[in-house]
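Chains as they are written, first to last, in this note's numbering: chain A, 1 to 314; chain B, 1 to 339.
Be aware that a few hints might be false.
As the list claims (entries may be wrong) - Some chain A residues well away from chain B (every beta-carbon gap over 10 Å; in silico):
id	residue
1	80
2	159
3	186
4	220
5	223
6	243
7	258
What the hints assert, rightly or not - Residues from chain A that keep clear of chain B, each with C-beta distances beyond 10 Å, as calculated:
id	residue
8	72
9	119
10	131
11	132
12	149
13	169
14	200
15	244
16	255
Said to hold, decoys possible - Once the Cα atoms are required to be at most 16 Å apart in a straight line, the calculated EDC-like pairs of lysine to aspartate or glutamate come out as:
id	chain 1	residue 1	chain 2	residue 2
17	A	84	A	286
18	A	124	A	72
19	B	75	B	307
20	B	229	A	172
21	A	124	A	79
22	A	124	A	137
23	A	124	A	89
24	B	229	A	140
25	B	229	A	79
Bear in mind the hints are in silico, worked out from the structure with no lab data behind them. Every residue, glycine too, gets a C-beta built ideally from N, C-alpha and C.
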Amino acid sequence: MELTEDHPQDGSAPAAVVPPLRRIVVESETVPIRVGDYAGPPDPNYGRDPWQVGTGTEGEPVWVEERMRTEDLSIAYGDNRAVKDVSIEVNSGEVLALIGPSGCGKTTLLRSLNRLVELTPAAKRTGRIILDNQSVDDFDVTQLRSRVGMLFQQPNPFPMSIFDNVAYGLRERGSKKPRRKILEPVVVDALERAGLWDEVSSNLNHPALALSGGQQQRLCIARSLAVSPEVLLLDEPCSALDPISTSIIEETIVELKSEVAIVIVTHNLQQAARIADRVAFMYLGDLVEQGAAGQVFGAPREERTQDYVGGGFG
Amino acid sequence: MSIEVRTAAPGPRPSLVKDPTDPRPTPKPSAAAAAGISHDTGWSIGDKAGLIAAWVCGISLCVIAASIVLFMAWKGIQFLHLDMLTTSPQASLDQSANGGFLDPLVGTLLLTAIGIAFAVPTGVAIAVWLTEYGRPAGLARLVESGVEIVAGTPSIVLAIFGLLVFQQSFMGIFSFTAEGGAVFGRSFLTAGAMMALIALPLVIGSTREALNTIPRHVREASYALGKDKASTIRRVLLPSARNGIATGATLGMGRICGDTAIVVILLGASMQTTPESGFFGLFRGTGSTLTSYVYNNSPAGEGNAPDKAYAAAFVLLMIVILLNFVVSLIGKRKAPQWN
């Protein structure tokens, strides 16, 4: 954890951290999963200042800070309430996994965070979603979405070059401006953080759709990172990928969590156990239980959670 | 030196007869077999006749297509001389003195260009509105019906309607106005505008099809990067639909090239291209195309120069076949694919 030096121990906000360059070892069979211990659910102090949730592998503190929060959020499609009175916070420094059976509302919850759910004409929302102590309705929707990025089930690069894909979010409207020279450092940085730079550095002008599925998905991560989001929403990002690509993406997610708050929807409980720090279990639109990953999987408080995770985790 | 020949793996071959020591249960015979119903896989007489009919029809179509091309090629090459492509038609009943068909050839190209220049932007705009907006739904259905009506209207009806519209006095700038104030209504522009209506449904159809194959999550990925609908359409959707748009445009060009009715009624029926004065004089003037030239010189027309008609028809056929070839080339180009 590179946060140590920049983090004052008195609990004040950390200075901006520049992430180190990273190299993916494609051959690695196991991915480093958890960093140190995770002390448990956030303390009552949440949402105000960064708080320490545990210590990293070398004894350094691990910090968490609230980014987003929903308050009594309900979303209905017509008469069908897909999400019911959900209050949950999304913190930087940790990965939040939303788990639950199909149709339990986790994707709807995820899509509400960047107001993508509003594209569905019948969707109605009550309750509040807060980003930086401000309701998301107060943001211009395009500005909100550049602060809350999203990754989809299917890799979906645009039919243009690798460079143009990453630069897409940075360019104004339909134009080619700003020029490539100005964008280049940002694009390279985003590709490095997504762990794709080594593989594509020599062919930035090649069409993005010629990449493999796993590379395409990492390109989509880079594309989101290029607009420097504070929150990254992942909707089953590995469901279309093979195991090796999946482990690379998981490694990328774990490395990104110190910079970006990450929410991941997954049907794969093993995946949630591997990468999530905090897990929220949803069932029929209700947020049944949320807590540290170890607690939800190891000692769930609710019977419904026990029934759901029990199969895989005994 | 010996060459080792590898045969199948050594050892006993798996027997088809069930090993009596095999503990697995023997599969039960199916209920149908038990009841004595046999599955006769033979073809009935009707099926055989149908199959033969399908073969015969398919092959005869090939024969018909081949005879059209071969006959036109035989006639065309027989009468076609390169200087016909470079000389204007002359008024003469003598086939050796009535010139070539430079003007109709240029007229076909010009009219196609004008028609497609109107049809592609309009058609793409309509297709984008239908697939990406399409609200209120009633209006969208209305637009769809409108497209279908335009597609189904015979071109002679479009032509006569076009004449009606463009002969209105305020439409004078599109053709020429006679001394008494009567508007002629016939010009490359007015014919091109009606030709655009012929190509329009094809452009709309293939553009819509291309847009509909783009998965929803691709659009959402663009929105999720903070882009609005306009930039998404312009930077993501239209480039993805490029092949579809090109296919529609090329098919439309083929239709425009081959249409006769609009040319006869709306292009003024002057064998030679006759520009009006002024900067856009060529567009406001009258002329002819290969189709009207063929019609005029066929035994049914006034010119009665069948040799020239065959030569021009051959050139027209070549243009249309070339356009079809372009369509299939575009179809082979890789369209962006997700999943």
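Status of each hint after checking the structure:
The claim that residue 80 (chain A) lies off the interface holds: its Cβ sits roughly 20 Å from the closest Cβ of chain B, which is beyond the 10 Å cut-off. Chain B draws residue 159 (chain A) into its interface by the beta-carbon criterion, the shortest separation being 4 Å against a cut-off of 10 Å. The non-interface label for residue 186 (chain A) is consistent with chain B: the shortest C-beta to C-beta separation is roughly 14 Å, beyond 10 Å. Listed as outside the interface, residue 220 (chain A) is inconsistent with that label: its C-beta sits roughly 7 Å from the nearest C-beta of chain B, within the 10 Å cut-off.
A cut-off of 10 Å between C-beta atoms contradicts the statement that residue 223 (chain A) is not in contact with chain B; the least separation is 7 Å. Every CB of chain B is more than 10 Å from the CB of residue 243 (chain A) (nearest about 19 Å), matching its label as outside the interface. With a least CB separation of 22 Å from chain B, residue 258 (chain A) remains clear of the 10 Å interface cut-off, as annotated. Distance check for residue 72 (chain A) against chain B: the nearest CB is about 25 Å away, which clears 10 Å, and the non-interface claim stands.
In this structure residue 119 (chain A) is not separated from chain B by more than 10 Å, as the shortest Cβ-Cβ distance comes to only about 7 Å. The beta carbon of residue 131 (chain A) is kept farther than 10 Å from every beta carbon of chain B, the shortest such distance being approximately 14 Å. For residue 132 (chain A), the non-interface assignment is confirmed: its Cβ lies about 16 Å from the closest Cβ of chain B, beyond the 10 Å cut-off. Chain B draws residue 149 (chain A) into its interface by the beta-carbon criterion, the shortest separation being 7 Å against a cut-off of 10 Å.
Chain B draws residue 169 (chain A) into its interface by the beta-carbon criterion, the shortest separation being 4 Å against a cut-off of 10 Å. For residue 200 (chain A), the shortest C-beta to C-beta distance to chain B comes to about 18 Å, beyond the 10 Å cut-off, and the non-interface label holds. Residue placement check: residue 244 (chain A) keeps its beta carbon more than 10 Å from all beta carbons of chain B (closest about 19 Å). With a least beta-carbon separation of about 21 Å from chain B, residue 255 (chain A) lies farther than 10 Å from that chain, consistent with its non-interface assignment.
For the given pair, residue 84 (chain A) sits about 5 Å from residue 286 (chain A) by alpha-carbon distance, which is consistent with the 16 Å threshold. Our distance criterion of 16 Å between C-alpha atoms is met by residue 124 (chain A) and residue 72 (chain A), whose separation comes to about 14 Å. Proximity of residue 75 (chain B) to residue 307 (chain B) is assessed by CA-CA distance (about 8 Å); at most 16 Å being required, the pair is judged to hold. Between the alpha carbons of residue 229 (chain B) and residue 172 (chain A) the distance comes to roughly 13 Å, so the proposed pair stays at or under 16 Å and holds.
Under the criterion of a C-alpha separation no larger than 16 Å, the hint pairing residue 124 (chain A) with residue 79 (chain A) is consistent with the structure, at around 10 Å. For the given pair, residue 124 (chain A) sits about 13 Å from residue 137 (chain A) by alpha-carbon distance, which is consistent with the 16 Å threshold. Taking the CA atoms of residue 124 (chain A) and residue 89 (chain A), the gap is near 21 Å; set against the 16 Å cutoff, the hint is violated. About 14 Å separates the Cα atoms of residue 229 (chain B) and residue 140 (chain A), which keeps this hinted pair within 16 Å; it holds.
For the proposed pair residue 229 (chain B) and residue 79 (chain A), the alpha carbon gap of about 28 Å is over 16 Å, so the pair is violated.
Hint check: violations occur at hints 2, 4, 5, 9, 12, 13, 23, 25; the rest are consistent with the structure.
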